[in-house]
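Undergrad: Chain by chain, the residues run as shown.
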Amino acid sequence: MTNCIYGIEKFEHRTENYKLINSDIVCDVDVCIIGSGAAGAILGTKLAESGKSVVILEKGGYYDGESMNQREADMIPLLWKNAGANFTSNLRIAIAQGSCLGGSTVINDAVCFRIPQIVIEQWQRMGVVITTDEWDKANDEVSERINVKEVTEDELNTNAKKLREACGKFLYQGNLIQHHYKNRRNCGPSISDKSLKSCVKCGFCHLGCHYDTKQSMLVTYIHDALVNEKINYKVYCNCRADLITSENGIADGVNATFVDSNGLETYRIRINAKVIIVSTGAIASSNLLQKSNIGGNNVGMGLALHPAPFVMGLFDEEIHGNRGIPMSYTCHEFGVTNGVQKGGFLIESIFLPIFQMALAIPSMGLDHKRMMQNYNRYTMAGIMSRDDSVGKVLISYNGNPKVIYNLSEQTIEDMARGMSILSRMWFNIGAKAIITSHIDAYEIGTKADIPKLKDAVRNNPDGLMLGSAHPQGGNRMGENENECVVDSNCKVFGFDNLYVCDASVFPTALGVNPQLTVMALATITANKIIKNWKSQDISKSLGNICHITQPRYCKTEQISEQFAVVDHNEKLLQSLVNSDEDKIIVGKNWKFNPKTLQIYNNIYWKGFYGRDVDAITTALRYFGGFYKRFGYKNNRIEGVTHPFETQVINAKSIASEKQVPGYGKVVHLEYQDFPFSNAYDLLKIVDENTILGKAFLGQFGRGRELFSFSMSKIYDVDFLTKQDLLTLFNSDELSHKPNEKELIGKWEGMLVSDSSLSPRSQMFYFDYEDGEIDMRYSFANMLHGRSDITITDNSIFRLDDQTPFHDEIRMVTPEFAVGLWISEWSSRNILEPIIQDLLRYYPIKILNSDSLKDKLSFLKNFYLPGIRLPKELGLSFLQVEENEQKETRIGLSYILMRI
Amino acid sequence: MCVTIYSIKGEITGIKTDFFTKLKIQAMDSDQQFFEDYNDDLLGSAWTNSDGSFKITFDNSTFSDNWLEKSPEIYLILRSSETGQIIYKTEVIKIDANRKNKTTEVIEIPITIPLDLIENKIRLLSTSTDIYSNNSQRILSAFSSLGDVTTLNNSNAARNFQLLTSSINAWVNYTNESTWKRIGYDGPQVPRYPLKSPDHNHRLTWELTQ
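Sequences listed follow chains A and B, in order. For the first sequence, my numbering assigns the number 1 to the initial residue and increments by one for each residue that follows. For the second sequence, my numbering assigns the number 1 to the initial residue and increments by one for each residue that follows.
Mixed in with the good hints, there may be bad ones.
So, partial list: chain B residues that the calculated Cβ filter (under 7 Å) puts toward chain A [stated by the list, open to error]:
hint	residue
1	G52
2	S53
3	I139
4	S145
5	T150
6	A158
7	I168
8	A170
9	T175
10	Y185
11	L195
12	K196
13	S197
14	P198
15	N201
Each computed DSS-like pair below joins lysine-lysine, with the alpha-carbon atoms no more than 27 Å apart [said to hold, decoys possible]:
hint	chain 1	residue 1	chain 2	residue 2
16	B	K55	A	K194
17	A	K737	A	K886
18	A	K137	A	K182
19	A	K571	B	K196
20	A	K149	A	K137
21	A	K19	B	K181
22	A	K19	B	K9
23	B	K181	A	K161
24	A	K658	B	K89
25	A	K665	B	K181
26	A	K19	B	K94
27	B	K9	B	K55
28	A	K10	B	K181
29	B	K196	A	K665
30	A	K658	B	K196
31	A	K369	B	K181
32	A	K194	A	K230
33	A	K588	A	K571
34	A	K402	A	K432
35	A	K182	A	K197
36	A	K571	A	K595
37	B	K196	A	K19
38	B	K196	A	K197
39	A	K432	B	K89
40	B	K196	A	K633
Hints listed in this document are in silico derivations from the structure and should not be mistaken for laboratory results. Model, not experiment: these values are computed from the prediction. We treat Cβ as the ideally placed atom computed from N, Cα and C, and that holds for glycine.
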């Protein structure tokens, strides 16, 4: 069977076919789907059943029913996004989303509402071309597969029955309310315990269904695909999609990383696909598009959350709300399902296991303890508001999604009204007190005090502790390209083969629990993709995965492993020899490919260590960067090994092919001079641009292996050297002075070191403000500021702030620029102007203290007139330049990638 | 000079899943102590394939640096792919040295290692399969990204402090079974490790007591 779930977590037993990943992977496939939730799973199965090869990437792990042990402390970290610590940026709304195979369908309460007719019509008016008939057919198809049925009378627990009783006795504006019903849920026969035909009623729905009776994607669509031997279907779990790559409106693949439970990256995967579908759910889908620089400024806008405060009634008798189905009854009277066009809310029965209940009750100390003692005597329901789409998803400094959301006036009013109504409902049927999620009114003793609750919500909405399980929007669907991200086919504007299909495309909040609508949308979209399928070539990109032709992306162990299995290519020994010229001659020994953003450099072989993150490899990578340069001399190949960061070491060697025990035929690099003569390297030439190597200490053939490395003549701009950067920077053919428009947007900056490129160090934001371009920067997420843009001559685009340094930027491609953060040219000691500025500026401007200025004057001792610092200081990032007038300047060089 | 190529073709039998793949196999030559150094020679190494098979090839130049050593005395070391720790050493296999009639000769050495011999050691050395064991790491990992996406300067500091203390209080007290008992919370209806209790039933405690 080829269909399989792959992951990096070890299990002794799994329900489905499961295999461990133990290397980087390149995969060519018809369809790559990112996300395995309500949309991704259905799209995957339907497209695979139509004959397409399908790969699904899922960030979370694969946990089957037997793994779900109903303990909050165990299951929330396993199944919930961010281990449950998923909030809006002001920490006021906790957002529950699944992050596991099956997505939120594994942790939701199985409630299935069809998309309300009002919403269909509103969306149509907003440009969504999907008919009621299409929605109905898709809803029917999905409902049948996931066994959507109304809960039976015996499935209503005491809490739900209390809500029904409360609704039945409630007079609103003089009339009994009419619209309150049992929910429809997706429960059915278990795939693991054949004796279970439907819900066990354990009450732990949102900790995953141990019994496999909840018909989540895991046990329905995903299971169906895995056991179908006629289709080609693979799922990669623990796999975080990092980037969608694209060119000219064609998305050609996805770069992704396998991340373990500690957040450490292990292996990488490159998917080359004909069609790519993003189905990671609202928030994450916007984040991935933003990281991939796709969709423009509309991405992330218009987020709705269905924020829900709760109201509990305290009764004399025991309710045991935790026993039985938590969500089985709903009051629709005030919601979209009862004709409310704007806003509105549903009152839904709900109950929380004990840890979540303790988190939700906003009291503290003894009050909190007292309230928790009454756990078994509460009834509970939530006010699920149909909120305005006022939120937005931004990308944080580290690339994470930042959710900005403030309640609108309408939503606050709906919540105040809903909490007031529900409080009265509970009192009407005998509640002795009311517990709410508002910090200023968390305990209401009498009906007369209800207006205080209403006022508290209106006057201090920040005091509500809100939960959201239904983030929607951010990548709005519609036909207007200027306002929307995807069209009615869920296809991203400007792309032929890139789709977003999940709740993120909803133009407004749905007003009901959204899982069935997401599933229906996926069904409609899958049918359209199948119908309109156009074949195209698959990209042959390797992305940034470890591969024999690009070992610079490999871990040390992988390099070592490749060294053991690859044969040295004896025919290519001559390719060891580098260019005669040891200076860059653009077009001859040095080339830049703007399409692939790769450098070809034949001045030397640039050395690479593994990409491990342990201390030794990291230290080697940052401080032990090296190159090897070879040439013919005395009828033999001689070379030098040279660390980038110092002028002192220059280890000469002779290269010759030898048969070495344990390694076969290799190139032996014999160092000539003390102290290097006690070391040697073994090299295997893979192709004319790639070499694998091992360094040894000791006598040839019996030395102790020190480390493995690789060398290449071709490398991506991720590995740019300072010399490469200056070549790009100083060449009018390769780069140009940007105009303002070209820079508009967000840029991610990384400092360039000869040894290795650093992680992200700064962010630049260029935008128009009051008709003028505005530049903001954030360095190391700590120093924030603005720079003035000045153009000093025809070639320099310059940014100045109030420091002795300024930025100079040159544009290489629309997505890639190079820059220098550098001091002014000076004939004095290069540190002198910096210290002068420090003395002049900082004490005065920041501290305004003359005494401190005096204290800082000792800095003057650190520069000595006439003494120059060496050109290289042994610091891998430092850029020291000297011009023809013997003036010097000092700074840092960096690359900018548009995000 | 006679060149003899040795080819060890081995297999770990009984492998059914990927759980056991990727062992590092090192072929060693067992030297005697009167030789010039006391280290056994590494003849070659390989990784196991997914079916448990492996192949190591070397020639007599690998070990015959001493005139006394005419043929290798081979043993295999099996190492964990993750930790490098030794899982198993085979017995020494002596190879017949009387093979001088050809200039080049290929000697195939079949070796079979039953999985039973090494299975327990692999399990002990491998990372724990207790999927709940590192949840605190998961939470810490999640909280590290939480700091990246929150903007606290615009929100109420007292409220944030209350949230933090509530969270700690909830975690410390209400994930604790003794608190559950005190309150009368029914708690989970299945064992903590359901797979280790294959006979656990799927009945609910409150239904059983009715």
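Undergrad: Each of the hints needs a verdict: does it hold here or not?
TA: Checked hints:
{"no.": "1", "hint": "G52", "result": "14 Å, violated"}
{"no.": "2", "hint": "S53", "result": "14 Å, violated"}
{"no.": "3", "hint": "I139", "result": "5 Å, holds"}
{"no.": "4", "hint": "S145", "result": "5 Å, holds"}
{"no.": "5", "hint": "T150", "result": "5 Å, holds"}
{"no.": "6", "hint": "A158", "result": "9 Å, violated"}
{"no.": "7", "hint": "I168", "result": "10 Å, violated"}
{"no.": "8", "hint": "A170", "result": "4 Å, holds"}
{"no.": "9", "hint": "T175", "result": "4 Å, holds"}
{"no.": "10", "hint": "Y185", "result": "5 Å, holds"}
{"no.": "11", "hint": "L195", "result": "5 Å, holds"}
{"no.": "12", "hint": "K196", "result": "9 Å, violated"}
{"no.": "13", "hint": "S197", "result": "10 Å, violated"}
{"no.": "14", "hint": "P198", "result": "9 Å, violated"}
{"no.": "15", "hint": "N201", "result": "10 Å, violated"}
{"no.": "16", "hint": "B:K55 - A:K194", "result": "45 Å, violated"}
{"no.": "17", "hint": "A:K737 - A:K886", "result": "25 Å, holds"}
{"no.": "18", "hint": "A:K137 - A:K182", "result": "23 Å, holds"}
{"no.": "19", "hint": "A:K571 - B:K196", "result": "58 Å, violated"}
{"no.": "20", "hint": "A:K149 - A:K137", "result": "17 Å, holds"}
{"no.": "21", "hint": "A:K19 - B:K181", "result": "40 Å, violated"}
{"no.": "22", "hint": "A:K19 - B:K9", "result": "25 Å, holds"}
{"no.": "23", "hint": "B:K181 - A:K161", "result": "26 Å, holds"}
{"no.": "24", "hint": "A:K658 - B:K89", "result": "31 Å, violated"}
{"no.": "25", "hint": "A:K665 - B:K181", "result": "70 Å, violated"}
{"no.": "26", "hint": "A:K19 - B:K94", "result": "38 Å, violated"}
{"no.": "27", "hint": "B:K9 - B:K55", "result": "5 Å, holds"}
{"no.": "28", "hint": "A:K10 - B:K181", "result": "33 Å, violated"}
{"no.": "29", "hint": "B:K196 - A:K665", "result": "51 Å, violated"}
{"no.": "30", "hint": "A:K658 - B:K196", "result": "55 Å, violated"}
{"no.": "31", "hint": "A:K369 - B:K181", "result": "14 Å, holds"}
{"no.": "32", "hint": "A:K194 - A:K230", "result": "25 Å, holds"}
{"no.": "33", "hint": "A:K588 - A:K571", "result": "23 Å, holds"}
{"no.": "34", "hint": "A:K402 - A:K432", "result": "41 Å, violated"}
{"no.": "35", "hint": "A:K182 - A:K197", "result": "20 Å, holds"}
{"no.": "36", "hint": "A:K571 - A:K595", "result": "30 Å, violated"}
{"no.": "37", "hint": "B:K196 - A:K19", "result": "21 Å, holds"}
{"no.": "38", "hint": "B:K196 - A:K197", "result": "24 Å, holds"}
{"no.": "39", "hint": "A:K432 - B:K89", "result": "73 Å, violated"}
{"no.": "40", "hint": "B:K196 - A:K633", "result": "69 Å, violated"}
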